[in-house]
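The chain contents come next:
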Amino acid sequence: MSELPGDLHDLTIVAAGAALRSGETTAVELLDAVLDRAHRTEAQLHAYLTLDRVGAREAAETADVELAAGSDRGPLHGIPIALKDNMCTRGVETTAASQILAGYVPPYDATVVTRLRRAGAVLVGKTNLDEFAMGSSTENSAYGPSFNPWDISRVPGGSSGGSAAAVAVGSALGALGSDTGGSIRQPASLSGVVGLKPTYGTVSRYGLIAFASSLDQIGPLSRSIADAALTLEAIWGHDPLDATSYAGVYPDPTADLDEGVQGLRIGVVSEFAGEGYEPAVEEKMAAILDDLSGSGAEIVEVSLPTVDIALSAYYLVAPAEASSNLARFDGIRYGLRLEGATTEELMARTRAEGFGPEVTRRILLGTYALSAGYYDAFYGQAQRVRAALRDEFEAAYQKVDVLVSPTSPTVAFPAGEKVDDPLSMYLTDICTNPLNLVGHPGISVPVGVDDQKLPIGFQVMAPALGERVMFRVAAEVERLAEFSARPLLEEVAG
Amino acid sequence: MPVEIDIAHVARLARLDLSEEELEGYKSQLGAILDHAAKVQSLQGDPEVEASHPLRFENAYRPDETRPSLDRDEVLAQAPETRDGYFVAPPAMELE
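Sequence lines, in order, name chains A and B.
According to the numbering used here, the residues represented by the first sequence are 1495 to 1988, in order.
According to the numbering used here, the residues represented by the second sequence are 173 to 268, in order.
Just so you know, these hints were derived from the structure itself, not from any lab.
All clues stand as given, with none of them false.
No more than 20 Å apart at the CA atoms, straight line, and that leaves these computed lysine to any residue pairs for SDA-like:
#	chain 1	residue 1	chain 2	residue 2
1	B	199	A	1851
2	A	1893	A	1794
3	A	1893	A	1758
4	A	1947	A	1647
5	A	1893	A	1762
6	B	211	A	1878
7	B	199	A	1868
8	B	199	A	1871
Quick caveat: nothing in here was measured; it's all calculated off a predicted structure.
So here's chain A without its partners, still in its complex pose:
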């Protein structure tokens, strides 16, 4: 171990994989390093809800035996990875950070979990989230909030805040999150890591506890663009268990990582600027655009006017689908039960007790938006906005290869600042949720810090199945930004 530069928990997946194969380290040593890191940081961050020490050790030992025997499962073999706790893991408690699922132990693995196991990954544990992934700060967890490793008085973003914090601080080398309105990209931005939402339909949702089925998509959080690309390759692909799974040809996300941006046209979305955007975010954005221009890209302004009402559409579509999806939590088949004289009374009492305030709010909102007399004015009109937005994005991609924006209008905000003001919390996803409405991929790349040493993210967007060019540009942004800052968390054994 002493021959390696820095600490094992600080390695990228690519570097750790090289060290495993050169014999400089083992999967068990990597696991011990991230578990030690968790031990030193969890008391402050609360990134994890469950650490599966036993299962992870077995997987690491198996990986070491297999690698030593020359049986190589690929880039994730022996790598410690964390899972957001809304992905079902057979035999390991899965709660979606809700009281209503306290103690729930799934009888099956989500498809992404099956694929990670097949790739030889070591699944470290389950990370904290906003209850049912509804939130932008990880403060809505029924088991207590997570905090930002760059400043523990601030939120890590959300809803995949536990995954973002774990990757940022090294209690996992990579993680999976889910993104319904920005829940991978926004916490990645606020926590200084890479976060990817792939094209809708490319990563199976089987075993992902559903929030809004037409928007939900699983993707990786990582330390580098290359790590995100190889994790994506391990988890995506057609799955007959998900009826929305894409069955056609998948692009190679790693093909053009080193190609640079010479000759590409990069569109800057003009609506993602101005009021509400912090000066440090806008300045960093402008600096990166200058650098991309210097690398040979042509930078053009693109207007997507419907983006201004995308958030309104999102907060009709997402709660409407959530109100339907969460009807399954009935107190009868699994999870919490409060008794009642009739089935309806049992359900109503169980659900009122088991769901937290944000989930209750969204179920009420969605139920209202779908109810008789309001359906067309709200949900129907939101679907028309969605179609208009898709037409605008597709027209833009006739003129440019990728679109770019800040990932979030602000850096990480103080814990408690927005938690009682739903609308102001919703506005933190303004740059990310349009992509969920249209189903296109987007990735957040850390590009710098502000004067308080809080990370800033840069979003690269591409058309459906445009991951190859998206990664090509993101890799150049990563090279140009030379982001090397690390969170200066004061370690306290927890």
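Fit chain B to the given chain A structure using the hints.
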């Protein structure tokens, strides 16, 4: 558009047994969110609304074949109350 919300009716539809105080709180929050959401009315034009899937593919059918399912006892082990391989729940209607 001004939004009228019969919050008790909505809560009943959603099977949420909330107190009067809770209902009032949610009602005012929903009002503010729906005022913002009503901006969807400002959309110009009438785009063609297709299936929401961005890749616009046809419905996916799987082969109509029997295959193993999850183990019944393992699934039922997660239920609050079971008997003889069934979930147990109170009556769906009040009995005389």
